Each structure stands twice: as structure tokens, then as C-alpha cells.
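> From just these sequences and the hints, can you work out the full model?
Chains C and Z, in that order, are what the protein sequence lines are.
Going left to right, the first sequence walks through residues 1 to 380 as my numbering numbers them.
Going left to right, the second sequence walks through residues 1001 to 1490 as my numbering numbers them.
The hints are simulated quantities; they were obtained by calculation from the structure and are not laboratory data.
Note that the coordinates shown come from a computational prediction; the quantities given were computed from them, not determined experimentally.
Even for Gly, the Cβ is constructed at its ideal location relative to N, Cα and C.
Please note that the accuracy of each hint is not assured.
Here are the computed lysine to aspartate or glutamate pairs in the EDC-like style, where the Cα-Cα straight-line distance is at most 16 Å [stated by the list, open to error]:
1) C:K18 <-> C:E75
2) Z:K1268 <-> Z:E1256
3) Z:K1178 <-> Z:E1080
4) Z:K1475 <-> C:E226
5) C:K79 <-> C:D107
6) C:K262 <-> Z:D1288
On the chain C side, residues computed to face chain Z include the following (Cβ under 8 Å) [unchecked claim]:
7) A29
8) E77
9) L149
What follows is the residue order along each chain.
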Amino acid sequence: MIGAGAVGAACAYFLTRKGFAVHVVERGAVAAGSSSAGEGNLLVSDKVSGPELELALYSRALWEQELAQYGELWEFESKGGLVVATSAQAGRALRTLAAEQRQRGVDARDVEPDAVTDHEPHIRRGLAAAVHYPQDAQVQPMLLTAHLLRLARAAGAVVSTGVNVTGFEVQASTESRRVVAVQTSQGTLACEQVINAAGPWAGEIATMAGVDLPIRPRRGFVLVTEPLPPTINHKVYAGEYVASTQSEHLGLEVSAVIEGTKAGTILIGSSREHVGFERRVSLPVLRAIASAALELFPRLAGVTLLRSYAGFRPYSPDHLPVVGPDTRLKGLWHATGHEGAGIGLSVGTAKLISQAMAGEGTDMDLAPFSPARFEAVAPA
Amino acid sequence: MSVQRSGVAKQPAYDVAVVGGGPAGLAATAAAARLGRRVVLIDAGAQLGGQYWRHANVSSAGPHDHVGHRDWEVFEALNERIRRHRQTGAAVHVAATQVWFIEPPGSDAGEPDWTLHLAPTCGAPDDRMPRTVRADRLILCPGCYDRQLPIPGWDLPGVMAAGGVQALLKGQRTLAGKRAVVAGTGPFLLPVAEQLARNGARVVAVCEASRIGNWGRHLPTVARTPSKFAEAASYGWSLARARVPYRTGTVVMRIEADSSGEQVGAVKLGRLGSDGRLRESSESLDVDLVALGWGFTPALELVSAAGAETRVDVDQSLVAVVDEEQQSTVAGLYIAGEATGVGGAQLALAEGELAGIAAADATHLERSRVRALRREIRRLRAFAVAMQRSHPVPPRWSEWLTPETLVCRCEEVAYAQVSEATSDLAATDARTLKLLTRCGMGWCQGHVCGFATATLAAAGQARQLNAEDLRPLAKQFPCAPIRLGSLLEH
Ligand SMILES: Cc1cc2nc3c(=O)[nH]c(=O)nc-3n(C[C@H](O)[C@H](O)[C@H](O)COP(=O)(O)OP(=O)(O)OC[C@H]3O[C@@H](n4cnc5c(N)ncnc54)[C@H](O)[C@@H]3O)c2cc1C
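Encoded structure:
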């Protein structure tokens, strides 16, 4: 398992349950990558109908059932989402989306504009439309990753942090190539299967294996306010957010995403840009985020900003995760490309991988997520 | 070149911007202005002087502000020089203002020089206040704050940082308690005890963790800095006169509440053996004030925001890397005073002046002054290093923690949670520990618990503290509190 983020940790957990001997190799510390930079929302509301929504609903069932016993460890909270639209046009789009989602089994409840303040007392008046999604939930991604790894270790997995994967050993015969080992900064590790769960670095790992995988980092900033008494009850975001997650746009995209946390701080996002792994604070981006948030919650203007952080989402060009075996190199699997939803989708992804690797039928069809869809793409 | 924002007349850039109005910042400002540069000095305080020459609040300021201050005449002379430069327009003082963000030349701001974003220290910005200041060169003199260690009971009212006790005395003329113990390590404990005693508190003991014998090894260095020696001697003398016992090799291991349960009542002492082990003694002292100080932590938020490199100093603080001219690893950015390594006001004065000369591009014009300053800096730095070596934080301090002791008071994170994270949850570094436990994520953003958290992360791996442990706990953006609404004003 390359990578100890939420996805790698979840895979380690489910694979040990299928009896696999798992070795997780992570170059940094536990959850050093994207998984320590996200808000940890488990959203169904932001997914248009299609395979990603199906994966979200499948994951949602795992959180609520199979993993319910651990919910407290990672602060699982079913707090619900509230999506709002400020313009009439966005309002129509939001209602249409909600209707489609309902068809797929999502609990999406239209909220009359006058009734929005019953859900969120501090939100601005005069919204065009709002939809309440009771199924939207939240976990603390660091705790999630650390506890999944702890449970996997207890079931026999080995987790090596501070170990960098540097290459692959491949055995080539006339009909196929197959992975036999990974090379690391601490020597060679023989293995039958390798899972690339390297998040935004998954493309680099694929290159080491001689295959092309178009995963790229998409930067996001989050602003964190001072701790306040409970002010915001749901995850609240502007309907435009859905468009922004789905956009092909390479420049800066900003839409308001606001929520309170247990600690009392308010997290304010979101931005999406392709700037490589540049971490430096960009004031124009932070201003754009703050301005979008204040448009929904004007009262936050007087609240003190405590800090901000940046993270990189593993972006996949068609906005679908890449999950399954790579047909170009036997033994190589990918579990990545979840962009802004990898925490929520981690468990579903992992359980499906564990079923596929065990040669069982999978609970959901993996075909839409197959790495094969990129195989035609010439290496960049 | 640069884009002009619609409607707002662009402020001309200064030659030099100085942030921080303590000894280093004042010396830097005076030097650069003397050399003909246009200087802007930005300071959080209403009046110049920093923490060392802290004034009483404006409301209670009086003719006796200088009482109990060291080198007050040095301050007055510098202040007078800066006042004259202000009259000629060579220097501008922006008071009661904090820099919340720094954009280096050529960053998103699109400006060819440094852009500093400003916010008032308290209250809402007034219309006359500039929101940004631009300058060709930047000198950061941000000073430092008390370094703290968690101790069982340190969250009780009546437990304060030694610097906080002094600030109350100097700023508000308020005595934080009547029966005090001053504990920790380092020469700073002496003036705090002395000031408490002079203002009428009964100081039942100064507990210095290190053994005075440590000094012996550094005697040649100490002898080369007679002024420091005299300073220590004068405090020692005042303390002796006030009959304040000075105990070495002694630590406060536990703080207990009084009968109300809501306020400090007593401290339990411990002895630090020559093997570095701590042993609780049966002795306890009744007090209503505990002043704690374990040296200082340089304020590095601006240094990190500006992108300058940092390193771990002898005293295990994170400090800025600077060259012979006080220039950081970023061209055009100079750093002086405690941020380059804790060393006291005299060293800060020398570094500040040198930074001022260098930022004015005048080292070649001022050869003999520069040589003298460098000599002074070397001598005082050697003394500071000797002091730091003889006053280390006890390596086994964490042994006095109980599972319930709060490591992070803002987020109420107990030591048990920290231990669980380092053992069961594989928090192998400070960043992971912080994110798993929320240590350092509350109001103070690691000012209070940052050093302890970083040290516990390293100890969990049985390794030495390194810069990577300290960096994630040094606050970064925003460098000073700012309201969300003000973020948009520019
Ligand atoms: C601002 C922001 C907000 C977000 N909000 C949410 C949200 O609310 N809900 C949600 O579900 N998702 C959210 N996300 C997305 C989510 O964080 C990611 O999709 C998810 O963390 C991806 O997990 P991962 O395990 O695939 O990747 P990562 O967590 O990045 O893990 C990959 C790991 O691989 C390691 N690695 C890389 N190269 C090597 C190598 N050569 N050798 C060894 N190890 C290596 C890395 O160090 C890293 O730890 C957000 C992301 C951002 C940036």
C-alpha cells in the first residue's frame, strides 16, 4: 500500500479483514498529505447522479452500519447539509439537481426561502432557493486515518512511515509485465500486489511504474475562525459549489462552503486551482473565499480569523476516482483521484478494492472507475 | 509594472520598513534614518519601547515610567533621535498597529517591493490608518514571548508567565499576587522576583532549575561581559536585601489549589539531580501567585510568512537564519533581536543598528562602526549562548506530568491524549500530534503549548527535538489577529 492517507488507511483496514498481509509504506507521517488538509465532509449533496453518487451512497451505508461502532473515534456526526442559491437561475439549477438526486435515493428536501433561517439563523435573508440534505455527515479525517491504521495494525498490517517509494521491480515476460517488488528509501519490499494510494502524488507513482495516470494536485485553501458558541449548524454551501467541483476550468474557482466544528471554530472554503504543489498563502484567493462566505453570512465579518491552511486534492480530469487494477502492469492497483471527496469515498473505495482483490464479486460495478479509461492517453 | 487599484491613490514605497519598536527596531530605525533613508516603523504598542521598555498604559502614564527600567537613558536617547527624524519626515511611526501579512517582492501583490498588510492592535481600523505599507527593504524585529511548560495545576488562576507578571507591573502597575514563587530557569527570573518584591509582594522563593555550578564552565565568557555580570549582581543584591531565597536545582513540580479549589494555594517542589532526574521533595510553599518562565520563544510568525529560513538554536527555540549583516535567507529581508536567537536588549540594540546600516546599503560607508557592532554582537552572542547552556529546560521535565495535566490549555488537551496519539495513533512528528489532538490549535495558536507539544512529539520517538517539530507550531497566517471583514479591505 503506497500512501497512509484516508484511502490507504481504509484499504489497509478492509484488506486485513479479507486476510491479506498488508504493508503500508508512507514517506511522511500518518495522513501527511491531502487527508490532513480537508474538512472531512461525507457529502451526497454535491454529487450529480452517476457512479460517484452511487459510490457516495455506498460509502454512506458503510459509515452508518459496518463502521458505526467506531464512529465516536473519528467524531462521526450526521449534521446534514444545507445548499443555498442566491440567484433565481442558480435556484432553478439547484431544484433540478435535487430532484434528480431524489430519484437516486438521496434524501433531499426543498426548503422554502422564508424557512431557511429556521435551519440557519445567521444566514442572510432573500435567498432564491435552499435544499436540506440530512444524509450529509462529517468525520475528523486525521483521527479517521490514524484509527483505521491502528485497527489494521491490530489485524496484522505493518505501517512504515518515513519511507519513500522510489521505484518498482517488474518481471517482464512475452505476454505480460508484472510487479514483484517496490523499491523504497529503506530497501526493496517484495509483494504480489501494490496499491497506489498516493493521493495527489499518484501520478508520480504511476510514472515510476512506467504507466501514465493523469492525477494532478488541485489546491484548496481553508480559513479557520476563532472558536465561537454554536453559530452554524450544517455544512452550508452555495449551489455554485457543485458546478465548481465539476468544472474543467484551470484557473481559480471559488465558492462559499461554511461549517462549524466541535471545537467551535468555523471552517470557510473553498478554492480550487491548478498551481502544482505551491503552498504559499495567496491573499487574493483568501479574499475571494472570505468575500463569498460573507455574502452568505454577513455577520461573520466581525469574527476573528485564526489561521488558514492549504491542501492539494487528487484531481482526476473526468472527476471520477480511479479505482481498480491497472491492466498495463499486473499486480498494480490504483485507489486515488477522489479530488475533494476522498475522505467520504475512502471506505467505499477500500471495501470494493478488497472484494476485487480477493477475487469476489464487488458490491458495486468498478468499471466506471477503471484505470483503463486513461490507457489510451499518451504519456504527457 | 504594478497594477493600480481603482480609486485608491497608491502610497509611495518607503526605503525601509521596520516592524517592532523594541530595542532592535528602534536602533534599526535610527540607523537607517540617520543614513538618509525614508523609514516607516510599525509597532503594536501605543508607545515605542517594546516589552523591555514597556510603558505604563497611556491612561496611567506618569513621570515615573522609568522607575525599575534598565537603560532608560538609552531608550530616551533613541526615542529622541527618532523623534527628530520624524520631524524632518525621514521617519514615520505607525503606532498601535500590527502586521498581519507580508507579501515579498514579486508575489501575488504584483509589487516590486515588500507589501505589509496592517491592522489595528485593538478595535476597528480608523480611516486614516494605512491598510498597507510598501518598502524596498524590510527589517523584522518581532521580539519574543515567555516559554512555558505544562505543570500539573498550571491552569489554575494565579499561575502566570513570568513575563506576564512583569507586564502587569510595568503596564498596569498591578501586583498579580501577595505571596509569590518565581520558578523556571534563566536570568529573567531575577528581575521579575526583584520587581515583585520591590512592589510589596512577598516572594517566598526563586526556584532556578539549573545549578549555579553550570556557570563556572562559562566564566571566561561571563567575565568578558562585565555589564551583564553587574546586572545580575545588582538583582542578586536586591533579592538578598528583600530576603528572597534563591534556590538552584529546584523546580515546581505540582501546583495545588487553595481550599476554595479555584485559585492557587501551594506549590510542591522537586529537586533536579545531577543525573538529570527529578525527585519530588516533601516541601511545599503556600503562595497565591506562581510566576513561571523557561526562557523565551522568539516570535517567528512574520519571519515564516516572509519565507525566511529557520533553525533550532542552543536553547531549542526556532530562530531565523541570518548572515553577518543580519540579512535573512531572503534577499532584502533583515532580522534583528530575539528572532535571531534570544540574547537580551543589548544584543538586540547592536543587531538592530547593524541591520539598519545594512538595509541602508551603507556597510561600506560605515566600516568602523560596522566592525565595532560585529565585535559587540559576537561578544554578547557568546554570553547569550553561555547563558542558554547553563539554563537548559530540564530534559526530563515531562516526568512531572500526570495523565490529567493539560498540555494545551486552550483546547483542553490532557497529557493522556498526547501519549495516546504518540503511541497508539503513530503521531511520529509534531504536525501529526497537533492535528490529532488539537494541541496548539486554539486561541493562542501554539504560543503557550507549542514548545511542549513539539518536545513531546520528539520524546515520543526517543529523538532530539528538531526544526521540523517546531515549525508546524509556529503560527503563520495571519501573523496577527484580523477580522474576516478587514481581510477584504484594501
Ligand atoms: C481544502 C480541502 C478540503 C477538502 N475537503 C474534503 C471534504 O470535506 N470531504 C472529503 O471527502 N474530502 C475532502 N478533501 C479531499 C480529501 O482530502 C482527499 O480526497 C483525500 O484526502 C485523498 O486521500 P488519499 O489517501 O488519496 O491521499 P493523501 O491523503 O494525500 O495520501 C497519500 C499519501 O501518499 C504519500 N506518498 C506520496 N508519494 C509517496 C511515495 N513516493 N512514497 C511513499 N508515500 C508517498 C503521501 O505522503 C500521502 O500521505 C479536501 C481536500 C482539500 C485540499
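> Does each hint fit the structure? Answer for all of them.
Hint-by-hint comparison with the structure:
A threshold of 16 Å between alpha carbons decides the hint, and for C:K18 with C:E75 the separation of about 26 Å lies outside it, so the pair is violated. At roughly 8 Å between alpha-carbon atoms, Z:K1268 and Z:E1256 fall within 16 Å of each other, so this suggested pair holds. Between Z:K1178 and Z:E1080, the direct Cα distance comes to roughly 38 Å. Violation of the 16 Å bound is thereby established for this hinted pair. Of the pairs offered as hints, the one joining Z:K1475 and C:E226 holds, with about 14 Å between alpha carbons and a cut-off of 16 Å not exceeded.
The straight-line distance between the Cα atoms of C:K79 and C:D107 is roughly 13 Å, inside the 16 Å bound, and the hint therefore holds. Proximity of C:K262 to Z:D1288 is assessed by CA-CA distance (about 35 Å); at most 16 Å being required, the pair is judged violated. Residue-level restraint check for C:A29 holds (minimum Cβ-Cβ distance to chain Z is 4 Å; threshold 8 Å). Interface hint status for C:E77: violated, as the beta-carbon distance to the closest one in chain Z is roughly 16 Å, over 8 Å.
Using the Cβ-Cβ criterion of 8 Å, the hint placing C:L149 at the interface with chain Z is satisfied: the shortest such distance is roughly 7 Å.
Of the numbered hints stated above, those contradicted by the structure are hints 1, 3, 6 and 8, listed in ascending order.
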